[in-house]
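A.B. asks: Listed below are the residues making up each chain.
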Amino acid sequence: MNNMEINNKEIKNVKEAFISIVLGTASGLLTYYLFLYFNIAIFGWNLGLFFAPLIAGYVETIIAQHLTGESIGGISAFILFLVTVVYGFIIDNNTLGYNIITFGSIIIIIQAAVPTFANYFGIVVIISMLSYFTGFFKKLTDNIDNTIRKHFGKEEKEIEIVLPYDDKGSNEKLNSLDFIFMTSNNPEHLEYDNLGYFYTTAVFERNTHIFHLSPENVEKKHLNELKKGKDECLIKLSEKIKKAGGNGVIDLEISYILNGLGGSYFQVISRGMGIKIKEEYPTS
Amino acid sequence: MILTSANTLEDKTIISYKGIVTGESLIGANIYKDLFSGVRDVVGGRTSRYEEEIKKARDIAFKSMKEKAEQLNANAIIGLKISYDNLGGTMGNTILITAYGTAITYE
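Line by line, the protein sequences are chains A and B. What the first sequence shows, in numbering that gives the first Met the number 0, is residues 0 to 283, in sequence order. What the second sequence shows, in numbering that gives the first Met the number 0, is residues 0 to 106, in sequence order.
Treat the hints as calculated values from the structure; they're not laboratory data. Each hint should be verified, as a subset may be incorrect.
One side only, chain A facing chain B, incomplete, derived with CB under 8 Å [as the list claims (entries may be wrong)]:
1) I179
2) L225
3) N246
It should be emphasised that the depicted structure is a prediction, and the values quoted were computed from it without experimental measurement. Each residue gets a CB set at the ideal place from its N, CA and C atoms; glycine is no exception.
Could you put together the complete structure from these sequences and hints?
C.D. replies: Structure, rendered in structure tokens:
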């Protein structure tokens, strides 16, 4: 199936789902209207509040199953639930006014209706945005952490500096070691002896107690550390193979792992087949 | 600059091996990306916003790798490998994207 066919199928599915939701919502609204019109209520509590979402969800499910062969989750029931709650408990309620209790109630209704979304929005979105713009939580936790360290352990440096990393310099250094790194597993035109499988690893602390650094700089610092770790690991690999009489590595792989308790260490691993090239390999 | 994951270039002769070239980039620690990808996760479906960010990061890694190959006077990269490693971070979405391969010259 090509992309065009997939897109057409997706559009058809969306259309059918939309039709099901509209028809479900319409039948729910009609039900609610009839219950209100004939005032079908028990102890003053209109039964439409219960039956309208039920009918809407039922109609939507039947239509969706007929059109798409599957249920789409009763979205019209949810819409009707909101409509009946907003109309029945808020608009058609003479005791309510524009005050804090009304707004508080609305928030509680939303929380009850869609707890995951409401909690996510309330806790994650709002608090995260405040925290991001003011840096309040970072400063608070850093200060607590620093105070504890001052009294009970070693003190961290107040200011961390993002050490620069020279990409070009590193590239030149790695490729001028009288040693060749190759990712290919069977390089053309090269005659060589296999020396076996070699691997090296570099483990370094992922500094999570970073003071006065913006998230972007923390990212930059970690990236530079990872690059340095990779260089260190590759140089160690070349030294190891040179000791075994080799002058190159083929089928080279480099991987990065987050290790230790709570991801406190970065680990870089390089591995490949050590080789001794029989003739001088062409580099220029 | 030719990029290939194969060991050879069809109809072309490799005349020299220049060595390894790498490119790395890291994404994460951006509250907007985290939030919007999170919202999409709640609603369901593909997080296209996040896919775009990953593509941008991959482009940065590729650009850096190609610049290094040019520095070595290479005109192709063979044995190309790309990896995506999750390195924790907020909501577990700090991702390291690495691209590396063997720089060569061909004729």
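A.B. asks: So which hints don't hold here, by number, going up?
C.D. replies: 3
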